[in-house]
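Number of protein chains: 2
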Amino acid sequence: MARQTISDSALLDTALDLFRTHGAEGVSLSQLSQATGLEKASLYYRFPGGKEEIILATLASVGQWFENQLFPALRSPGPPRKRAAKAAEILRAFYQDGARSCVTDVLSLPGGSPQRHQALQTAMEAWIAAFAALARESGLPPAAARQAAEEAVIRIEGSLVLSRVLANPAPFHRTLKQLPDLLTTR
Amino acid sequence: MARQTISDSALLDTALDLFRTHGAEGVSLSQLSQATGLEKASLYYRFPGGKEEIILATLASVGQWFENQLFPALRSPGPPRKRAAKAAEILRAFYQDGARSCVTDVLSLPGGSPQRHQALQTAMEAWIAAFAALARESGLPPAAARQAAEEAVIRIEGSLVLSRVLANPAPFHRTLKQLPDLLTTR
DNA sequence: GTCTATATTAAGATAGAC
DNA sequence: GTCTATCTTAATATAGAC
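Sequence order for the protein chains is A and B. One gets the working numbering by counting positions in the first sequence from 1 and adding 35 to each. One gets the working numbering by counting positions in the second sequence from 1 and adding 35 to each.
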């Protein structure tokens, strides 16, 4: 095959799509090779730890995306309800109107590696903390803000499952619409 | 190895545990063989379609469990709030206080077979319908009852994800405690 | 109805050329 | 830094004895 190359960022985006569709164990290095255009040996050169290292890099990349795209919208100036609505818009795009699964859900099975769990837990805590910060700004006391943030994540994750299983984006869309009410005092 | 046998029911319970822990693609026939005590050839004798047939049989078995354990509790005589609380208790046991994943979540990845999706969608619809029937009985109009039922499933699924990722049963327990309020008019 | 044994294919992983 | 080629192991699947 002709020489190929691909940026880390594009490679991990491709990997993310595969993992969200088939799960961690459902994706082989051959699939990753075909989807990225890189031979398996090249993947090992860039990720000596093989598939597990690609999974961890994919998780780190998603974590960065949240840090760079979602969290700034939550922290931006402006009324908290507007910011929550903006966050909902960003999440709608990231999950493609509920058609894509949450990688945190998909990669968090109990059988996964401890490192995977650690990365997912850290990412989830950051997400909840960002939601909770907004809720506190809007006037909720810390404990209530934390609980509202958890509740919001619960509903987003659950609605993604329901929309996927029912093949119907409505539950996910409805949940996103509730987000400002969930995260702010009216 | 000495001759072994195992009932279909016990075999599928074992398979369920494996699938919930590792996902569909994360479980091999060798693992199923070891966990059930049956050689691979025997598994093929009982499930000629191989792993995919075992997955579908496992889903059917879970569906039966819901029909036989959860739905009767929702339909039993007595006040709707009591029935919702009883259902919460049954779900708490089924998901082992949030330590076990939902098989509907785990097996519903987009990469799965159409038959798998069909079975999961049917099971999910039955679950929502059973919740919605209780909500209607408690006085909610049909559309609101259906939405409350979907909302309840969303929160159960989402809280299972959160409890798994955070390694903390609190979100799942809190969600189950909300179930009577979610499914009935106060 | 379960077993042993084996065939076939695909997976993860590495060596060495360019 | 990517390639071709190959190794080793494990997966799915089947044949045939008991």
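Everything labelled a hint here was simulated from the structure, so no lab data went into it. For every residue, glycine included, the Cβ atom is placed at its ideal position computed from N, Cα and C. Check each hint, because a few of them may be wrong.
To be verified - Which stretches of chain B does chain A cover? Using the computed rule of at least three CB atoms under 8 Å from a CB of chain A, they are:
id	region
1	64-76
2	111-125
3	137-148
4	155-162
When the hints from earlier in the document are held up against this structure, which numbers fail? 1, 2
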